Amino acid sequence: MKIEDVVCTFCGCLCDDLVVEVENNRVCSVENGCTLANEKFMRDHRLKNPIRRDGNGWKAVSYDEAIRETAEILLDADRPLLYGWSGTHGEAQSVGVHLAELIGGVIDNTSTVCHGPSIMAIQEVGHPGCTLGQVKNRADVIVYWGANPIDAHPRHMSRYTTYADGFFIENAFRDRKVIVADVRQTESSAIADEFLKIDRGGDYAALSALRAIVRGKGDLIPSRVAGVTREQLFRVAEICMKAKFGAIFFGLGLTMSPGKYKNIRNAIELTQELNRHTKFTISPMRGHWNVYGSNEVFTWITGYPYAIDFARGIAFYNPGETTSVDILMRGECDACLVVASDPGAHFPRACAEHLARIPTVQIDPHVNATTHLATLQIPVAVTGIDAEGTAYRMDGVPIRARKLFTGSYPNDQEILEKIFARVKEAKRS
Amino acid sequence: MTDLLVKNAYVIDPLSGIRGEIMDIAIRDGKIVEDTGSGAPVIDAGGCLTFPGGIDSHSHVCGTKVNFGRYMSPEDMRAGRTARKGVMRVTSGYSVPTTFGNSYRYSTMGYTTVLEGAMAPLEARHTHEEFTATPHQDMLANTLFDGNWAIMEAVRDKDVKRAAAIVAWTLDAVKGFAIKLTNPGGTEAWGWGKDVHSVRDEVPYFGVTPAEIIETMIRANELLNLPHSVHIHCNNLGVPGNYQTTLDTIDLAPDLNRNRQSLYLTHVQFHSYGGSTWRDISSKSEDIARAVNSRPQVAIDMGQIMFGRTTTMTADGPMEWKLYMLHHNKWSNHDVELETGSGIIPVYYGRKSLVNCVMWAIGLELALLINDPWQCMLATDNPNGAPFVKYPEIIALLMSSRYRDIERSAIDPRTEHYVPLFAIDRELDWYDIAVMTRAAQAKALGIERIGKGHLAEGAEADIAIYPLKPDELDPAADYQQVMAGFAKTRYTIKRGRVVARNGEVVVEGANSTIWSRADVPPEYDLNRDAEFVKKFEQYYTVRMRNYPVQDIYLPRGYFISTEASL
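Chains A and B, in that order, are what the protein sequence lines are. The first sequence begins at 1 in the numbering used here and counts up one residue at a time. The second sequence begins at 430 in the numbering used here and counts up one residue at a time.
Some hints here could point you the wrong way.
Okay, derived cross-link-like pairs now, EDC-like style, lysine to aspartate or glutamate, Cα gap no bigger than 16 Å in a straight line [said to hold, decoys possible]: (1) B:Lys759 / A:Glu124; (2) B:Lys963 / A:Asp165; (3) B:Lys759 / A:Glu273; (4) A:Lys403 / A:Glu388; (5) A:Lys403 / A:Glu23; (6) B:Lys751 / A:Glu273; (7) A:Lys48 / A:Asp64; (8) B:Lys587 / B:Glu644; (9) B:Lys964 / A:Asp165; (10) B:Lys917 / B:Glu933; (11) B:Lys759 / A:Glu269; (12) B:Lys964 / A:Glu170; (13) A:Lys424 / A:Glu72.
Quick list of the computed label-pair ranges, beta carbon to beta carbon [what the hints assert, rightly or not]: (14) A:Asp5 / B:Gly515: 41 to 47 Å; (15) B:Pro951 / A:Gly320: 57 to 63 Å; (16) B:Glu952 / A:Phe173: 52 to 58 Å; (17) A:Glu124 / B:Gly515: 32 to 38 Å.
These are computed hints drawn from the structure, not numbers from a lab. Small disclaimer: the values here were computed from a predicted structure and weren't measured. Heads up, the beta-carbon is just placed ideally off N, CA and C, and yes, glycines get one too.
Let the hints inform the model, and build the full structure from the sequences given.
As structure tokens, then:
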């Protein structure tokens, strides 16, 4: 059976034009998808059943047992952390927040190690952005800063920017200028009209130089800033100011390099400055397909996009204190529930070591690096393949990921609701 | 069968013509009935003021930009947090509370129905998700059409019927309630960093004017027989001298509907400014009130501002940019492809700012100078003018000229030279307040037909009982009590069930989402329109099949069905 307009639940692009062929509860072909999508749909090797660590090996356990044990671990914990969430649908995230509130735990999503600094910058200066279609239909200047979409978001350029023809841009490739800023050459920089090769750690200075030029203080600029020549900086500033509609996209090359959230603040303020001359927007290149959804869901329930601590009965947020890495680094956390992410692969070594010391339960369809740290793993359906639910694209557009067939796995929401019910019951008695 | 009997209530129910009588109200299965069975649980209202449940006809509580207001404002979240208590979950936020925060606070004030003022169709799913997490109010969504490309093309082709077909398709797809025009044409111009400055300015590329959009949409709305009228946020919001644009907009409204207005103008305070700069801004409330008084085909809400901190958020992207240029605080913007825009900035309205004092006066003047309370509803454009928790203060100001005089001494002394407020001695009464906070909204939204905003037999048993005894109170003198009374009901009853009591929410709640579905003849069904489908697939970044909001997002959806006259 061929299914059209399938939503790809891999990256923040959330492409929704895939054609997927399904036979016998298995995806057998994918059209329109990028390499990442093909891998996601075609090479989906799941863990078969819940497993519990047993000495140096693993023992199969039933779902009921796994759920009961997870509830007990959470009830027994003084400082539980509920981490991940970016790889599942909003309805499951919502149960997660209510669970965290119920047990007075900390809930955090993968923003904590990706666009957390972007959120902190936005909380200082705001965020002039737009939906991706606004860029596709209007933008004549595109800037990628610290991002390499060809590798990380392979269809971003063809669906939304460089190669996407739009209403006011009939021949995108000819009518659009592309600027790439990065510390190294990448496949993306190779197709840029202007490549700003910035010295490592020099993003803040380069952004400041551009801001100064746009503000009319260009005479302050020395002959080179962070490895970029004065001439090129002026040229780039001129391209931006003359744009009819410009769009900046930034990635982890900017959020996680020296300067962190101050880099993003500077980039946003450059965008605000450019709006005095023309129309300009800025958007983060969100990684996980539903990391933005976790920010949205957390926010409407708790008021904050990530790193929320319920220990004192209210929702408390202080990145640097209530963020997962910090809680693990301080050795504070005494039980962790990991849902739909892989901290074992992405967190600092000391955090991973701590996760291995405490009871760590992972709810995830696949064996990953976190499996090796976990005490218990519960496999679930994959949203977008055998589970459905809401996802928020990197620009905030909500799309419902489709279920392509009914498989045998429960989904994240069902598992979490059962854990929630057990915890609630135990708290009542 | 669940019965409930409210005894000894001092009822004001304007839609039923009840102006203050001690009565019993019988409830069965969520509806008002003639009589309950014996043994029904009884609530003794003790002669307290009893209204139908409150209805907010323009508030921003759910959806993309509201949530972004929270996301970008941890300082606001910290300013209003409450702990888990009983069935109440943790809440955060003062001017942009979390969904449960909004819901609990509205509920304890006696509000049972709220219309979200602006939903971008492309992001409708988000609004509906938050509606579900706002469990104590039935929710409705104004749907944005101000910069809709297909609509502007229909306007350019002078094709009202096509415009109607687009509206019908969109409301059905996104489960929207009514047509909202926010700065019509201006939000499209903002796609290029531009704006329109009068109803006769042309929208770049599309070559249509705001006036043409407004006129077409009013007629399209009536062709579809939608319950509500077109709901407009006029061009030039917040600009000194903008009252002329507002008068021009009012002039565009024909009288096409016998049951309600043909044009609803929202937050008119922000659109009633004289002068030409911030230095000489003045009140033009008298001109606006005169226009409203002579035209039964329009209704407005106040858009009152109250002093203090709040967050402004609107689909009017260019306006938020202008505000940013004034305040230089943080600024967010979010344009939505083919449809609309939006922006957010935090503000502080100060008693020491002459401009803010003039704005404060204008809102009150509109309510006091418009003769018929059915034409002027109480709202702050929450949270733009003030968070809705300020409504009780506004009620007190409208009911007491003494309170207004006390406020006069606390604000910029120059204010009185720019506003007529202190020469107005009208004091509104309980009945006026009942009209302005529920009955007029029900009529204006066209939801009295589904039992909202009144207590006649068969109506929804949404009831607010306030700890106020009209026979023992003089609101002109006892304004403090009025304020306290409207802030916390003794009982809020939603669909026949007590949901809040003395300021505390007592059940988890289960709301409905109300939307409009206009049936159009097959030749107006855009799903079969090759041109519409082609453009959709070409220019949106979401496939047409993935655009409509699935029924699962409206667990208790309720639609008002109409037959289009096409």
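Now the hints, each set against the structure:
Pair hint lysine 759 of chain B plus glutamate 124 of chain A holds up; C-alpha atoms about 7 Å apart against a cutoff of 16 Å. For the proposed pair lysine 963 of chain B and aspartate 165 of chain A, the alpha carbon gap of about 14 Å is at most 16 Å, so the pair holds. Pair hint lysine 759 of chain B plus glutamate 273 of chain A holds up; C-alpha atoms about 13 Å apart against a cutoff of 16 Å. At roughly 5 Å between alpha-carbon atoms, lysine 403 of chain A and glutamate 388 of chain A fall within 16 Å of each other, so this suggested pair holds.
The hinted pair formed by lysine 403 of chain A and glutamate 23 of chain A meets the criterion: a straight-line CA distance of about 14 Å does not exceed 16 Å. Taking the CA atoms of lysine 751 of chain B and glutamate 273 of chain A, the gap is near 13 Å; set against the 16 Å cutoff, the hint holds. Of the supplied pair hints, the one linking lysine 48 of chain A and aspartate 64 of chain A holds, its CA atoms being roughly 15 Å apart against a limit of 16 Å. Between lysine 587 of chain B and glutamate 644 of chain B the alpha-carbon distance is near 10 Å, which keeps this suggested pair within the 16 Å criterion.
For the hint pairing lysine 964 of chain B with aspartate 165 of chain A, the CA-to-CA distance comes to about 13 Å; that is within 16 Å, so the pair holds. Note on lysine 917 of chain B and glutamate 933 of chain B: the hinted pairing holds, with a Cα-Cα distance of about 9 Å set against a maximum of 16 Å. Only pairs whose Cα atoms come within 16 Å are accepted, and lysine 759 of chain B paired with glutamate 269 of chain A is accepted, the gap being roughly 10 Å. Straight-line distance between C-alpha atoms of lysine 964 of chain B and glutamate 170 of chain A comes to about 14 Å, which keeps the hinted pair within the 16 Å bound.
Our distance criterion of 16 Å between C-alpha atoms is met by lysine 424 of chain A and glutamate 72 of chain A, whose separation comes to about 11 Å. For the pair aspartate 5 of chain A and glycine 515 of chain B, the supplied restraint of 41 to 47 Å holds, since their beta-carbon distance comes to about 45 Å. At roughly 60 Å, the beta-carbon separation of proline 951 of chain B and glycine 320 of chain A lies within the given 57 to 63 Å, and the hint holds. Checked against the given bound of 52 to 58 Å, the beta carbons of glutamate 952 of chain B and phenylalanine 173 of chain A, roughly 40 Å apart, lie outside it.
Remark: the range hint 32 to 38 Å for glutamate 124 of chain A to glycine 515 of chain B is upheld by a beta-carbon distance near 36 Å.
In this structure, the one hint that does not hold is number 16.
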